[in-house]
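Peer 1: In order, the protein sequences belong to chains Y and B. Going by our numbering, the first sequence opens with residue 6, and the numbers climb by one from there. Going by our numbering, the second sequence opens with residue 2, and the numbers climb by one from there.
Hints listed in this document are in silico derivations from the structure and should not be mistaken for laboratory results. Note that the coordinates shown come from a computational prediction; the quantities given were computed from them, not determined experimentally. Backbone N, C-alpha and C define an ideal beta-carbon position, used for all residues, glycine too. The reader is advised that the hints may include incorrect statements.
Unchecked claim - Under 10 Å between C-beta atoms, here's a sample of chain Y residues computed to sit facing chain B:
(1) ALA31
(2) VAL60
(3) ARG82
(4) PRO96
(5) PHE103
What the hints assert, rightly or not - One side only, chain Y facing chain B, incomplete, derived with CB under 8 Å:
(6) ALA53
(7) HIS55
(8) PRO56
(9) ASP71
(10) GLY74
(11) LEU75
(12) PRO77
(13) GLU78
(14) LEU87
(15) PHE89
(16) ILE95
(17) LEU98
(18) ALA106
(19) GLY107
(20) GLY150
(21) GLN163
Said to hold, decoys possible - Quick look at which bits of chain B chain Y covers, simulated, 3 or more residues with Cβ under 8 Å:
(22) 62-74
(23) 426-436
Chain by chain, the residues:
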Amino acid sequence: MLEIHDLHASVNGADILKGIDLRVGAGETHAIMGPNGSGKSTLALVLAGHPAYTVTRGSVTFDGRDLLGLAPEERARAGLFLSFQHPIEIPGLRLDHFLRAGYNEVRKSRDEDEIDVLKFDRLIRAKVKETGMDAALTKRSVNDGFSGGEKKRNELLQMTVLEPKLRILDEVDSGLDVDSLRSVADGINRLATPESATLIVTHYQRILSYVVPDAVHILIDGRIVRSGDKHLAAEIESRGYDWVTEAAQPAPPSVAPTAGQS
Amino acid sequence: MSPQATPEAPYVAAFEAAEHDGAAHDPAWLRELRRDAMAEFTRAGFPTARRGNEAWKYTDVRPLASTAFAAPAPDDGPGELDLSPYELPCPRVHQLVFVDGRYAPQLSTDPPSEGARSSHVFFERGDGPIVGRLAEAAHYDVPLVHEHLGKHAGAAASAFASLNTAFVRDGAFVSIPDGVSVPEPIYLLFISTGRPEPAAPTVTYPRVLIVAGRDSSATVLLSFESLGDGVYFTDAVTEVVAGPGAKLRCITLQRESTAAYHISTTQVVQARDSAVSSVTIDLGGSLVRHDLSVLLAEPGASVSLNGLYLGTGNRHVDNHTFVDHAVAGASSDEVYKGILDESSRGVFVGHVLVRPGAQHTVAHQVNKNLLLSDEAEADTQPKLEIFADDVTCTHGAAVGALDPAALFYLKSRGIGEAAARALLVHGFVREIVDSIANDAVRQYADEAVTAALGTG
């Protein structure tokens, strides 16, 4: 589903990603772990098409298409979804209006009819229930005055409504207490299908206790230096990142274990 | 025609002609009011000086002063007018329509509601609201008109207010008696035909007097519309008197032609515990200037001032507001927002005066401007003069482009560039539109704003 080859990216002239290789197949869940400043969030934002980042080398194929040639909105319509580490507050724009606009854009891109306000209202009420969010929030401005947990639930709600093929979750557990974490993780797990995939970007292991990855990749200084299964995450949790840094060798090409074909 | 010595001279001539022709039936005090105003206008002259002219330093009225505006010809009546584009979405409205400054009885309505007595019977003091013509009220020498007309707009004195008063003959008189709540919106619609060349540019002087009695409540919409895209000049004055405990919501929707000059002076005077909400929405005009002045004369008075101005083309919109905290324990809350595109320019000068002894004053002021093009310009200037020490006063100003982080967030959900920009712009204006409490007026204004923004 997602194939990243030798991806280099920079922001304001500074190289952040220095040759990423990664394959994520349909039905898989991968975790990218790394210390602060390793380039994890950059990878997530580059995949989503953030304009501040410049791809200087490499390629990304998503569902057979050249992802890097697509505008951010085209990537979303193609089925890529980024759950933001810091969701943006937009005063004055009602959450349900925002969601309906996105939902209908995705439908239009698939040559499906837009759905009207009433139908969307029913849909969103059902989805809100699934995510355990406070329904009143959908009538409020997007993320405006939301708590950290509400913002993360809102990202989950958007993901639930838009039904993407690839979910990229950037620090999805930050700002969540244990109960909220479990409930958000349940929501993420419910969205998993054999046709879709999940890429979890995280500093800490704790989300991976709830959303269990098929593969774990350690990102340090813009490169994947080690890949393994879920036990690698546990090892990071107990030993930190330093030992990986010390043991880091130039990453061999295409180290990702793949449990399926994209 | 001999060359005119000054830009004011044609107005003096028009004044003398009008006084000579049809002023005999007006009460003496009204004739005197006009004559004094004309003298004041002649003395002050148009504020065209480009130096030492603080109140007009951002706004150059020389093009206006040098244009010859004539009174609309008497036979310029509109005939059958389709008002459907201007209909409020509610079944009952107190509606007064003026076309090119003249009252249009066939277009004006009065809802057959209980408590709303015929608006035209001024000599009989009814217990319902009066929504009627100033000309009739003056003719019957209604004491409230005598008491208030021209007594308040002077505080925000400008040559334009004086000019309006010098020509005051008709307009709207709204009186809400003590304790009366008017559920229907009161709708004062001023339509200019705005004929393009070769028709001569015209000038009208819309005048509104609103007197809200003790513990009364009403919503008044003032709307300025144009049928054509010609050059004309609207010189409007509104005086608002809010009695003790009165709740008054005034909305002004300005949608003049893109070639029009619109200058307005509004003076609000508030008694104890009155609450006034003012919303000013500018969607049209070429050169627009509002002077909105509020006197919080007694403790417990509160005012909220909201404004929205959209700039396109070369439009110039200048909002000057002045809130006078004359006594202790009054509050004001002000939010003005501008969206400026192409080569337009927005000006906001927010003057708040907290007089000595006006303790426990609460005054908040915010002006935000969204610039949608490199050529657009916003000037924002808060002016806080505070002579009391136990007060809560804040102000803030912002000028900027659309937030790129917000744009990316919307795009990351599949929303394209144009739609994302439109959603953000609509989000920006929402706060102002939502500050209109009356459902029908809010819906009407919302549709007008949406149409003006040109995007869904």
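Peer 1: Are there hints from earlier that the structure breaks, and if so, what are their numbers?
Peer 2: 1, 2, 9, 10, 11, 20, 22
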